[in-house]
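Visitor: Below, each chain spelled out in residue letters.
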Amino acid sequence: MELPILTLVTFVPMLGMIVVLLMSNNSEKGIKTVSTVFSGISLIFSVLLLVKFDRSMAGFQFIEKAPWIPPINVSYYLGVDGLSITMVFLTALLSFVAVIASYGIMDRVKQYFALFLLLQTAMTGVFVSLDFFLFYVFWEAMLVPMYFLIGIWGGPNREYAAIKFFLYTLLGSVAMLLAILAMYFTSMPHTFDIVQLSAAHPFAPRFQMIVFLALFLGFAIKVPVFPFHTWLPDAHVEAPTAISVILAGVLLKMGAYGILRISYPILPDAARSFAVPLAILAVINIIYGALVAMAQKDLKKLVAYSSVSHMGYVLLGIASMTTTGMNGAVMQMFAHGIITGSLFLLVGVIYDRAHTRDIDAFGGLAIQLPIFTGIMSLAVFASLGLPGLAGFIAEFMVFVGAFAIFKPIVIISAVGIVITAGYFLWMLQRMFLGKAQEKHAGFPDLSARELVSLVPLQILTVAIGVYPWPIIALMNSSMEALSHLMRGI
Amino acid sequence: MSFVNVNFRLIAPELVVVIAALVVLVADLLISEERKKVLWWLTLCGIAVALIVAERGWFLKATTLNGAFVSDPFTTTVKFVFLIAAFLVVLTTLDCRLVRRLSLGEYYSLLLFATFGFMVLASAGDLIMIFVGLEMASIPCYILAGYAYRDAKSNESGIKYFLLGAFSSAILLYGMSFLYGVCGSTLLEDIGLAFTKSTQRLLIMGGFGVFLAGLTFKMTIVPFHMWVPDTYEGSPTPVAAFFSVVSKTAGFVVLIRVLAYFRGGFASLDIDWTYVLSVLSVLTMIVGTVVGVVQTNVKRLLAYSSIAHAGYLLIGVCVGTKAGTESIVIYLFAYLFMSIGAFSVVTVVSRASGGEELSNFVGLNRKSPALAAAMAVFLLSLAGIPPLAGFLGKFFIFAAAIEEKFYTLAVVGVLTSVVSLFYYCKILKVMYFAKDQEPEYAPVAISPGMRVGLILMSFFTFLLGLYPVPLIEIARNSVRLWLGG
Chain A
1 MELPILTLVT FVPMLGMIVV LLMSNNSEKG IKTVSTVFSG ISLIFSVLLL VKFDRSMAGF
61 QFIEKAPWIP PINVSYYLGV DGLSITMVFL TALLSFVAVI ASYGIMDRVK QYFALFLLLQ
121 TAMTGVFVSL DFFLFYVFWE AMLVPMYFLI GIWGGPNREY AAIKFFLYTL LGSVAMLLAI
181 LAMYFTSMPH TFDIVQLSAA HPFAPRFQMI VFLALFLGFA IKVPVFPFHT WLPDAHVEAP
241 TAISVILAGV LLKMGAYGIL RISYPILPDA ARSFAVPLAI LAVINIIYGA LVAMAQKDLK
301 KLVAYSSVSH MGYVLLGIAS MTTTGMNGAV MQMFAHGIIT GSLFLLVGVI YDRAHTRDID
361 AFGGLAIQLP IFTGIMSLAV FASLGLPGLA GFIAEFMVFV GAFAIFKPIV IISAVGIVIT
421 AGYFLWMLQR MFLGKAQEKH AGFPDLSARE LVSLVPLQIL TVAIGVYPWP IIALMNSSME
481 ALSHLMRGI
Chain B
490 MSFVNVNFRL IAPELVVVIA ALVVLVADLL ISEERKKVLW WLTLCGIAVA LIVAERGWFL
550 KATTLNGAFV SDPFTTTVKF VFLIAAFLVV LTTLDCRLVR RLSLGEYYSL LLFATFGFMV
610 LASAGDLIMI FVGLEMASIP CYILAGYAYR DAKSNESGIK YFLLGAFSSA ILLYGMSFLY
670 GVCGSTLLED IGLAFTKSTQ RLLIMGGFGV FLAGLTFKMT IVPFHMWVPD TYEGSPTPVA
730 AFFSVVSKTA GFVVLIRVLA YFRGGFASLD IDWTYVLSVL SVLTMIVGTV VGVVQTNVKR
790 LLAYSSIAHA GYLLIGVCVG TKAGTESIVI YLFAYLFMSI GAFSVVTVVS RASGGEELSN
850 FVGLNRKSPA LAAAMAVFLL SLAGIPPLAG FLGKFFIFAA AIEEKFYTLA VVGVLTSVVS
910 LFYYCKILKV MYFAKDQEPE YAPVAISPGM RVGLILMSFF TFLLGLYPVP LIEIARNSVR
970 LWLGG
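One line per chain: the protein sequences are A and B, in this order.
Here the first sequence is numbered in the numbering used here, starting from 1 and rising by one per residue.
Here the second sequence is numbered in the numbering used here, starting from 490 and rising by one per residue.
Bound-form chain A, shown alone (with noise of 0.2 Å):
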């Protein structure tokens, strides 16, 4: 029989959960391992996956599917492509890496790590989810973990934080329920199948334009787009290290996620339509993100605003329809990832030690904290775009792949990457260069804990920027084939 790898990658961390529960609440130690084991499996699963994957095929691969509630023609059913392949293996990554970075927790751990873990499944199974039932129902699972870490475990303002990110993203979810319920009543024979609305394309442009602007409101909000990123700073700012590294990591991918996924395939007369709009918002992220993001005076707001800078190339790589436009978007998704991960983890770390997050409170940290600084230059340089690093890799494809379509939107968000160079070159100058402070003179470097979850992604990054074929490779049959279909090829 074959092994069902899918379900193993999702509900390995679950099965973590429950384990965690059993155990006694004064065992933190053994409750670490035991997530830090559970996690690693799910891990190693998805590079597993990685490894038989077939790179040449466009289509659906290790399908697994199973009937769940018939009456309404729900099944379970599951399936990697080339798109849902790179975040699966993005989000068992910085999930593992956020574990390791959680050791520090020292309130509740037993609840904290098996809310954790809870929310890993919840996140790979929107990933896998080729059902729409059951991609709403992980899509949803997800936000109630993600609201208790934030709201017990975040900074001062944490209460108010989690329930703005729960009810903005409720309210995008339950837009996206109305769509997907619409979808399902007019498709012939009713059907929640992804795959088979994708192939069949039953929708009437009126039908498609209106489903298509409940569906964007929910991924929307999730990029996120603006104006309703507004979310996005107060969670960042509060959740603990960790989550702010899976918020940045793979929450936001979601909706970039859903839009690919979702809208395009089986919306897409009416993503024609909306291809203008959707690269002006994309500049409108880009230049107005970066802005925001050189007023920050607290290092985690400016790379939270970093973030909805950068999630705006993704969206016009995403509106371009290119191969290359959506290959870059996609690169842009896993690039930012990893580098943004690294970037709160880094800003994790000195706060740990500093107790502040202001910029201006500190100085010439390059000479008290070496390492430290060699690892938060080289992850800036990766997020403003430095070649040879992967964030340009990513942003380059972008930019090749939508020049050709709109090349006033293109030269003006090209602007972006100026500003997004002086808000950080700017930071890392006031921050690590210069008289160093007396009061940070004993920091800790980097020790090896902090080290294990920043090395790997600080190799990815490299390894990407300088070969970044084989990622490529990986999406790059199932979105020529979504090219192919955008543009009517």
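A few of these clues could be false.
Claimed, not checked - Quick list of in silico lysine-lysine cross-link-like pairs, PhoX-like style, CA-CA up to 25 Å: (1) K856(B) <-> K894(B); (2) K439(A) <-> K297(A); (3) K894(B) <-> K811(B); (4) K856(B) <-> K29(A); (5) K856(B) <-> K32(A); (6) K110(A) <-> K918(B).
Claimed, not checked - A few chain A residues facing chain B, derived, Cβ under 7 Å: (7) I69; (8) E140; (9) L171; (10) L181; (11) L217; (12) V415.
Since the hints were derived computationally from the structure, they do not count as laboratory data.
Built from N, CA and C at the ideal position, the CB exists for glycine as well.
Fit chain B to the known structure of chain A by using the hints.
Guide: Relative to chain A, chain B alone:
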């Protein structure tokens, strides 16, 4: 007219409940104080037997008492909701007497009598039977609401419920007299047929309107919802749990049945009640949610939540199709477990801490993680978060609405769901997030019955969400025979 030919097999479940109630009442006199726990077992057994006896009704459709008493899969399903609700309420209130020094035997027998009344109501195929059932159910309910008679709030609750309930009964009766006057029959079926031949459009509309006003009182529909928060707040908490499910369900059942009989008649007279019901549904959802947001007493908050849920259920009535009615059945089962569950947690907390304010819930997670987790499950289910039962209920309701193009109702429904999350989160927040000002009270003690009850209800709240196939089959079956002919 002959009342001699009563088909006892059809009314067997009701008879079992009445007999159980009488047995409990008599046993209460004979059993010594220390052994009163036997009454608890007797009540539970009585309900269990009634459940077994009622099971047969799932497969047949028949009437007795000259059509005044209807037994079909739909009524049977609803009776299951009543009986399970009564079972859970009894299960979770073993030590009620110890705390409030109430008489256990009377309490259980009143619960059984009320359940009996509601069961009769569910089976009523005749105006008189509706009224009789309603009163048989309501009078024990009035007493139950004011049961903690040493407590001023409970007194107020009982009186308020009684006065308003009596008004609504009178209004209902007034509406019925119009319908009878126009149609010359009290049988719902005959009235429906008489409508098609009648030209008295205004009289019928007026009569039905007044009838509806009386009925919506029971269903906790806005604007006849005023009594709900006060009554729930003042009633003993298990009683409030009972009301939140059973009383509401009964109102909906009557409305569904009446509309099923009258729909053809209304159509031929060109009367569209759907519009009125839709407006009521929207109002109920909005008032239940928006006013709920500002509550600081958990019982009042749950009362407003129950009003909002009545609004969601009304969407199913407006849709009016088989799918709509199925969705109501599914919703009722989901609501049954999560609502009684949430009230049960309130019972435990108020017993331990002496109150039901939000502040009594602060830090519950530290005192009893299991209890807090159960409450979280019930609240998230009430908010409609998957994969819990409440999500499934809402999913089917909204699906039915979208299928029949009631887009406004669906949109208002999902928007109020989002807002309602805000107030459920208020409770979650104090249970989990607050790190200071925890009220001082001893560790929360949970009685064995309550423990079993909470485990059962959380289990079903998960199960119905994760594996709803049997529930969907029940819902389909209960509607198939009834609406299909």
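Visitor: Each of the hints needs a verdict: does it hold here or not?
Guide: Hint check:
1. Simply put, K856(B) and K894(B) have alpha-carbon atoms about 48 Å apart, too far for the 25 Å limit, and the pair is violated.
2. Distance check on the hinted pair: K439(A) and K297(A) sit about 19 Å apart at the alpha-carbon level, within 25 Å; holds.
3. The straight-line distance between the Cα atoms of K894(B) and K811(B) is roughly 15 Å, inside the 25 Å bound, and the hint therefore holds.
4. Using a Cα cut-off of 25 Å, the hinted pair K856(B) and K29(A) holds, with the two alpha carbons roughly 23 Å apart.
5. Pair hint K856(B) plus K32(A) holds up; C-alpha atoms about 24 Å apart against a cutoff of 25 Å.
6. Between K110(A) and K918(B) the alpha-carbon distance is near 19 Å, which keeps this suggested pair within the 25 Å criterion.
7. Taking 7 Å as the C-beta cut-off, the interface hint given for I69(A) holds, the closest approach to chain B being about 6 Å.
8. Taking 7 Å as the C-beta cut-off, the interface hint given for E140(A) holds, the closest approach to chain B being about 5 Å.
9. Among the interface hints, the one on L171(A) holds; its C-beta lies about 5 Å from the nearest C-beta in chain B, closer than the 7 Å criterion.
10. Given the 7 Å rule on beta carbons, the hint for L181(A) holds: about 5 Å separates it from the nearest Cβ of chain B.
11. With a cut of 7 Å, the hint placing L217(A) at the interface with chain B is violated, because the nearest CB-to-CB distance is about 11 Å.
12. Because the beta carbon of V415(A) sits about 37 Å from the nearest beta carbon in chain B, more than 7 Å, this interface hint is broken.
The earlier numbered hints that this structure contradicts are 1, 11 and 12.
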